[in-house]
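K.L.:
For the record, the sequence lines run as chains A and B.
Numbered according to the UniProt record's numbering, the first sequence spans residues 1 to 226.
Numbered according to the UniProt record's numbering, the second sequence spans residues 1 to 226.
Each statement offered as a hint is correct.
A pair counts as met if it fits within one copy or between any two copies, since identical chains are not told apart.
Derived pair list, reagent style EDC-like, types lysine to aspartate or glutamate, alpha-carbon separation capped at 16 Å: (1) K65 <-> E155; (2) K61 <-> E95; (3) K65 <-> E95; (4) K61 <-> E94; (5) K188 <-> E148.
It should be emphasised that the hints constitute simulated quantities derived from the structure, not laboratory data.
Keep in mind it's a predicted model, so treat the numbers as computed, not measured.
2 protein chains.
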Amino acid sequence: MAKDMTLYWGSGSPPCWKVMIALEEKSLQGYNQKLLSFEKMEHKSKEVMDINPRGQLPSFKHGNKIINESYGACLYLENQFKSQGQQLLPDCAEEQALVLQRMFEGQTLQQKLGDVIYYSWRVPEEERHDSAIKRNKEALATELKLWEGYLSKPEVGPYIAGKNFTLADVICFPSVAYGFRFGLSQEKYPKLAGYYNQLKDRPSIKATWPPHWLENPQGMDVLKDV
Amino acid sequence: MAKDMTLYWGSGSPPCWKVMIALEEKSLQGYNQKLLSFEKMEHKSKEVMDINPRGQLPSFKHGNKIINESYGACLYLENQFKSQGQQLLPDCAEEQALVLQRMFEGQTLQQKLGDVIYYSWRVPEEERHDSAIKRNKEALATELKLWEGYLSKPEVGPYIAGKNFTLADVICFPSVAYGFRFGLSQEKYPKLAGYYNQLKDRPSIKATWPPHWLENPQGMDVLKDV
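Please put together the full structure from these sequences, using the hints given.
P.N.:
Given below as structure tokens:
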């Protein structure tokens, strides 16, 4: 039980989901949690701003220790609860190197997904260009092909960095799921689809599936032509 | 000596510099290194692409283990050489939480610096907008003020996450130095300037100072009005 931990989170946010999967994997169920609404701007509430001056989710506290950055929180949980639950960062140098490499490449994957998905949220109407949308989609397709290649290597799988579920999966799975939720073609990216379908029923992932995705299983189609 | 390590790097690149500072701090001098030119597109050479399909610097190898992502490489070096040189990630949960939090906030700092510094490189001429430049500069100023606030806390200093030099400094110092190199006002950001001036002669930092900054000490002024 993790009664001394508190997580403020938003449904469907990949950074929040990463931390929630890490908590499950480290057998840290029972933490205090508060689901907030981005639409209602609850991530800018005083309660959040008090521990996170950026007003972002996740916001995470362990006792009086604050680690809001999702990568930082996942590493912290693995380091502090190393022998509890699933080991997420292998000791073996070869395995650890690959886990860290994929984990941080996962940021680029998420960024390139966001560049397409959030374009019209992020860019004011008078600054939008079809050429930028096209370029962002091409960059995302290039990125996705790189991951298709990684997952095609015979030594890789079923997990993203080899034979064990690691921090690389904690970080990458929510982004991959996010891609498919927003309309990515499973036919066009079969290795990523295989990875997604193999992991989506893993207990830590199922237990933390975004509630509004469950309520409304129909996703969006912004990525359908990527 | 670190004869089984190879680093491909570019002068002035903050991600490369981070890895070089980490190598120095972990007493891993003597690694093989190759300084490549971004201008000559040497980061897209076969030699680099063979170990880094993204064609980016740094590209880093330890024996047959490849960790090109700078955050991954720094964490790997700390984990694999924990008791060698400077301890960069404290064991104490309180200290570790703050180091990880600042380390990953450092990405946002670097990203917001890049949004301004690289604007005309990244955005094709016909897609540029003065409104976007203004917004990026405002976002950078907000970010920098956050760090001024962090460095104003009585419990912080002389390092970015407390009394010891840690991974948070390995990650953040090159970004701070980069900001001043590109014209940030030391008067407007006195805490960051104090941090910069206090750390710039640290042996690991001095030994890895970007060679073309030494050759041409005059920086740019793109950030002078931020």
